[in-house]
Amino acid sequence: MITNLLVANRGEIARRVFRTCRELGIATTAVHSDPDAGAPHVREADAAVRLPGAAPADTYLRADLIVRAALAAGADAVHPGYGFLSESADFARAVLDAGLVWVGPPPAAIAAMGSKTAAKRLMAEAGVPVLGALTEPTEADLPLLVKAAAGGGGRGMRVVRGLAELPGELAAARAEAAKAFGSDEVFCERYLPAGRHVEVQLLADAHGTVWAVGDRDCSLQRRHQKVIEEAPAPGLSAEVRSALHAAARTAAGAIGYTGAGTAEFLLAEDGRFFFLEMNTRLQVEHPVTEAVTGLDLVALQIAVAEGERLPPEPPATDGHAIEARLYAEDPAADWRPATGTLHLLELPFPYQEFTGTGLRLDSGVAAGSEITPHYDAMLAKVVVRAPTRAAAARRLADALARARVHGPATNRDLLVRALRHPAFLAAELHTGFLAEHAAELTAPDTEGVERAALAAALADAAGRRGALPSGWRNLPSQPQLKRYRAEDGTETAVRYRLTRTGLVAEGHPEVELVEAAPDRVVLAEGGLRRTYRVARYGDRVHVDTPAGGTALTALPRFPDPTVRTDPGALLAPMPGTVLRVAAAVGDTVTAGQPLLVLEAMKMEHRVTAPADGTLVDLRAAPGRQVETGTLLAVVQPAEA
Amino acid sequence: MTVLTTRVDPAGPEYAEHRAAMLAKLAELDAEHAKALAGGGPSYLERHRKRGKLPARERIELLVDQDSPFLELSPLAAWGSEYPVGAALVTGIGVIEGVECVITANDPTVRGGASNPWTLRKALRANEIALHNRLPLVNLVESGGADLPSQKEIFIPGGALFRDLTRLSAAGIPTVAVVFGNSTAGGAYVPGMSDHTVLVKERAKVFLGGPPLVKMATGEEADDESLGGAEMHARISGLADHVAADEADALRIARRIVARLDHRKPGPDPDRRAAPPRYDEEELLGIVPGDLKVPFDPREVIARIVDGSDFDEFKPLYGTSLATGWARLHGYPVGVLANAQGVLFSQESQKAAQFIQLANQRNTPLLFLHNTTGYMVGKDYEQGGIIKHGAMMINAVANSTVPHLSVLMGASYGAGHYGMCGRAYEPRFLFSWPSAKSAVMGPQQLAGVLSIVARQSAAAKGRPYDEEADAAIRAMVEQQIEAESLPVFLSGRLYDDGVIDPRDTRTVLGLCLSAIHNAPVEGARGYGVFRL
Chain A
1 MITNLLVANR GEIARRVFRT CRELGIATTA VHSDPDAGAP HVREADAAVR LPGAAPADTY
61 LRADLIVRAA LAAGADAVHP GYGFLSESAD FARAVLDAGL VWVGPPPAAI AAMGSKTAAK
121 RLMAEAGVPV LGALTEPTEA DLPLLVKAAA GGGGRGMRVV RGLAELPGEL AAARAEAAKA
181 FGSDEVFCER YLPAGRHVEV QLLADAHGTV WAVGDRDCSL QRRHQKVIEE APAPGLSAEV
241 RSALHAAART AAGAIGYTGA GTAEFLLAED GRFFFLEMNT RLQVEHPVTE AVTGLDLVAL
301 QIAVAEGERL PPEPPATDGH AIEARLYAED PAADWRPATG TLHLLELPFP YQEFTGTGLR
361 LDSGVAAGSE ITPHYDAMLA KVVVRAPTRA AAARRLADAL ARARVHGPAT NRDLLVRALR
421 HPAFLAAELH TGFLAEHAAE LTAPDTEGVE RAALAAALAD AAGRRGALPS GWRNLPSQPQ
481 LKRYRAEDGT ETAVRYRLTR TGLVAEGHPE VELVEAAPDR VVLAEGGLRR TYRVARYGDR
541 VHVDTPAGGT ALTALPRFPD PTVRTDPGAL LAPMPGTVLR VAAAVGDTVT AGQPLLVLEA
601 MKMEHRVTAP ADGTLVDLRA APGRQVETGT LLAVVQPAEA
Chain B
1001 MTVLTTRVDP AGPEYAEHRA AMLAKLAELD AEHAKALAGG GPSYLERHRK RGKLPARERI
1061 ELLVDQDSPF LELSPLAAWG SEYPVGAALV TGIGVIEGVE CVITANDPTV RGGASNPWTL
1121 RKALRANEIA LHNRLPLVNL VESGGADLPS QKEIFIPGGA LFRDLTRLSA AGIPTVAVVF
1181 GNSTAGGAYV PGMSDHTVLV KERAKVFLGG PPLVKMATGE EADDESLGGA EMHARISGLA
1241 DHVAADEADA LRIARRIVAR LDHRKPGPDP DRRAAPPRYD EEELLGIVPG DLKVPFDPRE
1301 VIARIVDGSD FDEFKPLYGT SLATGWARLH GYPVGVLANA QGVLFSQESQ KAAQFIQLAN
1361 QRNTPLLFLH NTTGYMVGKD YEQGGIIKHG AMMINAVANS TVPHLSVLMG ASYGAGHYGM
1421 CGRAYEPRFL FSWPSAKSAV MGPQQLAGVL SIVARQSAAA KGRPYDEEAD AAIRAMVEQQ
1481 IEAESLPVFL SGRLYDDGVI DPRDTRTVLG LCLSAIHNAP VEGARGYGVF RL
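If you're matching them up, the sequences are chains A and B in order.
Each residue of the first sequence is one higher than the one before, starting from 1 at the first, in the numbering used here.
Each residue of the second sequence is one higher than the one before, starting from 1001 at the first, in the numbering used here.
It should be emphasised that the hints constitute simulated quantities derived from the structure, not laboratory data.
Since this is a predicted model, take the numbers as computed values, not measurements.
Cβ atoms here follow ideal geometry from the backbone N, Cα and C, with glycine treated the same way.
Warning: the hint list may mix true and false statements.
[Unchecked claim] A few chain B residues that face chain A, going by a derived Cβ cut-off under 7 Å, partial list only:
1. Arg1057
2. Phe1070
3. Pro1075
4. Glu1231
5. Arg1272
6. Glu1313
7. Ala1471
In isolation and in its complexed conformation, chain B is listed as follows (with noise of 0.2 Å):
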């Protein structure tokens, strides 16, 4: 046992700002997420409940195990686009019949559950985290298709839908489709690629063209019944394998073909008996500053979020702006890699490397813990082989097989997002705190950039400098990238799986690493440890 100590004073000054400007960024967040929730208003909810027809979120709920943690994911798509919070899907990870699986599912009363460019977006990455770690994917369809105006966004890309249903399927992985109600033209090939189909009763509809498509096409008449209905798909035309007597029929057979997949996980459940972190895990409030800039200690996050606040920490003397060191979660052994001071030189940048080919030798999941400004930079550092050493770093992030997960907990910046493991590496999965950030640089470096680039070209032109219009320009850009770079953004553009509140760190972790054991844990091989 290497206990973590603490010096967070939860009584003291700095601790209660932090804690104050934490909990009103959650309060924001909270705000948010309320739109999601909301999907397509109380008067569309209504309406859809009078026909009988149950939410989203309660044909979830319905499908779970009651009592079971579900894992909302990506619950931001679309923040800051045209279209509304959430996209019009509601994708996440729950336990059915003991079994987790990817759930999707259609918002109807969001414009009919019609996909726009990030609908597609959000259950593109629902697919992927299925495919990754061999979740079974659950379907509850029930969408108008493709938002037509945004076709141009959506009907390319969008045959992956499809594509990833029956490559889940060749690579083992069940799916299931539950149509509630519309699943037309396209979306017909959701129940129509998927292992397992349940149609509901006078509801479903599923059919490539609907009666005025047909009478246009060929000048047949024909009834939604005849061209897609429960009955027909069951009786004659073989697409539908279960037809339900209504919704809740519907998750209960979509239950039960859950509980006879025979589906064993290669991995452990979450330990019960693991030991909880020593620290109260409601201080993680109050170590992020509510400033960037200055830095905060990661072994206090570290030491309440690991068991039993156990940390054995690797090389704590070389490379010190990196903590690196191994730990369990929930019971599950977990290589940490976290930001200590911002910036990361040629020794961190060895030292992760060397530290993630460790991992990949012993099949040992990573954490990284974001709080980075980037690699250094000056001549000393790029003489002292900067590019080499971060490339070394992103070289052993990229290659590496063990699953990764990320938590965006302050900055995210520059190639130090990279090597951290930034979307575009893959993590198995992504969270951000709301005290997130992350860009290519921070703002006021960004438009002081931008400046000082405007200001050789007018030196260069020998043109006047206006300093006036510089000002109002670096402002704007300032405010423009510091609102991009913030985390309901980037969630918005499903650059993470979500955002999520301090305080649940460990549960979401634990969640995630119990999805990752449904598939092999395996390191990369091949090449030895080299000692830098």
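The following block holds chain A by itself, in its conformation from the complex (with noise of 0.2 Å):
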């Protein structure tokens, strides 16, 4: 029997981990980076060992300094969570090899599925439909997808369009798995935009059981990355469906396989599906899954590694759940990671964290958490299940709408509008959704912040109001003026004046202030009232309504006297490391050609020439650490 389990992660997998070990009884140790040392994980855990440093590198993913802390902390068994070392076949055998238990499937289990391209051959030998990999690609196979063989998230993942952009491309992406994954290992398959993802749920004992715990569909991702996940994959035939789960209960039939895993598949729009890869570990979109079959997978987990049987039978799947997942991070911007701190994350209607089949919450931060770019942007997982895919959908939207979620970007409107654009309700699923319907998903709300603002200033009249009538004249001669930024960067300005009879603001003529407090506006237009809730952290200012919420900066009424840009100055965009520098003092650069790369938040981001001239000052080199607004290089524009 465990009685103390260390989770080898971090955030909201190590509270979901802990939160089954609670039910159990069972004691909980947490590892944590320097910068999660005050973080819910580690303040929930019955005891937390540090791990030194910011970097995964020389944190999470230290095996040898996990197992050391496990014995340390008196843990008898290790729980790698998702990504880290939770695929790591060589931790898994340090985790066995030190006398622990490993809540995972064996390391040879995970080293046969290690490799994208063996995996794939060990599959097409057991009789399971894949994607080859193409050796040779030729014009008929285009479009293609490049994949690192050791990736997983994502990460590398380049669709190539063009033979000739081929070369270009298997380097950057051979440069980007050696990093991320310890190998360049990298291969072509072709890529079917269309295609939606279905995976599988299994789960297996190791005493030959092997369930499929239902499907799930994760097709709505960027980059690569899953963003809103159901359970069932809807729309699928009956006959797809067991063909399906009986592929992937034969994939880990073949390398018995046990605890929890998924085969995850490429659907066609025929009917016919591929095998891509298997996760030989619990997934970020597990919960779907335990919410319409009221399994525990973790809890379950736990009891084959202690040895235990698995019934012979899952538990049929009950309703529909969807989750979503709430990023820190600007869809409109290229999906660009928001940092910053989290001052509120609150969710309008009773709900449960990391259990339950109502509306559930998964998530690893809480109010005054900082979004570092150390580590993924998730700030939660919000799960609904309802009986119906439709009412599922409703729900979360609604509940996602009605949520205050204070503090960096958000793509909350974008999950919004997903969750209730036609397309999705009508089941028309494949990877491509949210690159096809991105105009509409993240357009700017132009009237929705203007109105918020409007808020906003009221509700800030409201706090600086003393007994007198605010910003009274008795020669008016102008409104108050207040401006705002949006997320997409966009500045509305409020201008208004509060007189005898009411307020008076332009752009607003049928607007009427009913009340106003620091924290809550009431406005009516049209004998229509709304009430508009209004937080403000510093600058920042979020207005919230049951139909969304909107996040606003308040300009200063100066300019700053100490920010003085020079014109062609490239600043840093996030907080993030420099990953590689392309261009060199004095270089002749072209106007969008990529001068350095940045990595932050798991993402690379390119820093371009801002116009055509000559490269004259650059102050980045490889690995330096740079925060939002750090010059990185001066382009002085070519003379007209």
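From the two separate chains plus the hints, produce the assembled complex.
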């Protein structure tokens, strides 16, 4: 029996595993990097061990330190979570060699699936359909997807639409793969833009029972990373579903798999499917399966690790569950990760954390958490189960719209719009869904922003108000003026006066002010009252309505005299690490030419020349840590 | 709680009539205020903006705290004179970084911001307010100096401007000069005499003599920048404490200067918990009759301006033509004296004298609500000592040291204007309603008196009296006195601090009381209360 479990992970998955440990009466041990010293997963654990440093390579990827931590803390088992060392056969072996229980599949099974190319071969031999790795791609194979053999989480994947691009993309993918996964092996396969990502949840015990615990659709992706997942996968015929489940079970059986795992497939429009890879760990999106089956997959992982037997058949699924991943990122700015302090994360209805079949929140952060560039930008997973898919989508969209998420920019609006999109509701799913509908899903809501800015300005005025009328003038010459910047960078000016007869706001001729307090503004228009909840954190203002929230930055009345930027200066758009430098001082550069690459939050960001000219200053070297606004380079524009 | 009751019937015909008359006067007032707001007019304004400069009121709006109230003072200065309404200067009380300040700003769109005699009076009044109420003074300077054709009215008295600045400083009241453009010759002493100076780069010009004058005086060739530019004054002469990159930056710096004054207000701020009046301030429009001969009950006004309409009357049965009593306004205690039947008799005068002294004993500011035709005349009253008793009231007002606020609601004639703390008795602030009139006596009375005197003179000389000419002269005099009794005319001559919408009375008085409490509120000491 396991008595004390160390989770070799952080954030929501560490908390998720701890939650089950508490239910089972198992003591918990956390590990943490320096930036995570105050993180919720550390606070909640019975004991925590520091992994000095910030970079994953120094902390959560240090198998040796983690095994030592487990021994020091008196843990008798290790759960790897997902990501980090979860698919490292070496780590699994090290855990077992230290005499600890490994809550995961056997190292050999991990190794068998570790290389995507090897795994494909293995599956093909076992009779599972695969998209073959192309050794000599031709025009007929286009478009292609370049993948890292050891990859995961979308890193290093590239779509290639012309053979001419292929050598360059292969080289780039190799470089990225080598850095990210320690192996530069990459391969090409055919890319099916209209394909769906469908996966089967597996659970196997050490006694030969292999469950296919339902399936999931995870087609809504950006940058090859999942954003919205659901269970069961909608619109599958019984034949396709049973064939998928059988293929998944075959895959697990072929490698002697135990524990929880996932077989991922690409489902073509014609109903054919191809094995993509097998994830030998718990998936991020496992809650949707839990929601429709009532199972606790972590409890079952632990039970299997303890040698217990699974019942012969998994429970049937009931209803439909959808999960939305709330990321600190700006979908309209090429999904750029956002950082900063999370001030508030609040769902509107009663919900359960990490469990349950109603509204569920899995989150590794709490009010006050710092969202840093060191780790994945996922703030939370919001999961809902309902009797039907449509009901689940409606409830989840509403819960997200009403949620109060204060802090960095998030993809909340995109999630709400996607969940309400006719194509989503019609289950017209494919991995290009978000890209195809990007314009609609990220279109700025100008009217909403302007109204939110008005509410923010009036709440601000209410907060400043003394005993005397706000902004009173005996000779009014001009309105009060406040400026706000929306998340998409557009600036909104609010011009208003509070007169004897009420609000006079430019651009809002019909709007009446019903009441205003620093945290709550009620406006009426055409007899329709709407309430705006307003929260301010420094210059950040969040305006929440039942229809969604708007984040604004209050702009200063006066320009900051300390900020004087040269034209042509390139500043870091976010905190991160300089990955590569692609130009040197004195180089003649052309507009759009990449000068250097930053890595932040598992993403690469190119910094390009703003204009044709000469690179006259370069303050970046690989490995250098930069903050938002750090001067990276200066391009002197060529004389016109 | 002694809550006033009301007899105002907003549905009645009298109310509607009074309201219509007041609204008509307010519309006229708005038109006059619009002239002040227009400054030098659209073409000069456009030229000013094209130079990257902000108009005076925009400078003030950027200087004061967002959403804070701003009380503009003397906006009608120079009304009825040969100079534009507003006198090329904006003055007022505003809040900068939480500190109430007197702010003045030259309006460079009006004849380059040059000072005329009314500009001077308006500026001196602002200085006086800063001094009496211990409010920091911030001058936003851009003026071409004195209006030379009227120099005889400006030059000699104008020295008081610079005297005031250093006296304010000596009294521990901070002064800040922000120079946006010309501030030359005498104007150079505004930054010269201020505690803190900010000069806008490449815009401020501060010198005693410009290039032509220097050339004339000494033959030296010099340019503006070397004689008086911001950089020069910051690096060489030391006159500039701060160089601002632009106008907005100058205002930002001025705000930082005020923030660092560490100003502490000895008195309280207006009380947010104070109950508003029980009755609608909108109804203040319907109380004063269009014809000032018809009296009105000032308690109807008090009920609409004091906290909770709560008013404890003093001696309600004695001297009933003057209502006196205690109330609070935005939380500040005030003693109120309000004319109830126009005429002041001996009893009213004695009651007022006693009440004023009580207020001094307890350091309570006084509010005078004017609607008086003056002290009673006639044999009985003269014999009854009306002079003596009127003198007591004037004596008490003159020597009272608690802050006084005066509001001319209706008539304010004769010595009654003095006894009710008219301008010469230095109330801290004095405002008029559009319905007010003030003169030595009513126009008809004055014309009639002149006629009687002329008739007596003719009779004494044995000449026939020309009745037709008399009627014409009477009409003309009446018309002239009427015009010169009107609030815009009096405001133009700086005899009040502005004409206000009656509905703003509570707000204006609240702002004034808040400003007043930047200085200690202390009554006159050394005499006991005498009961009459």
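Hints, verified against the model:
Because the closest C-beta pair between arginine 1057 of chain B and chain A is about 4 Å apart, less than 7 Å, the hint holds. With a cut of 7 Å, the hint placing phenylalanine 1070 of chain B at the interface with chain A holds, because the nearest CB-to-CB distance is about 6 Å. The interface hint given for proline 1075 of chain B is met, as the beta carbon of that residue sits about 5 Å from the closest beta carbon of chain A, less than 7 Å. Residue-level restraint check for glutamate 1231 of chain B is violated (minimum Cβ-Cβ distance to chain A is 16 Å; threshold 7 Å).
For arginine 1272 of chain B, the shortest C-beta to C-beta distance to chain A is roughly 5 Å, which falls under 7 Å, so the interface hint holds. At its closest, the beta carbon of glutamate 1313 of chain B sits 25 Å from a beta carbon of chain A; the interface hint therefore is violated under the 7 Å criterion. For alanine 1471 of chain B, the suggested interface contact is broken, since its CB lies about 42 Å from the closest CB of chain A, more than 7 Å.
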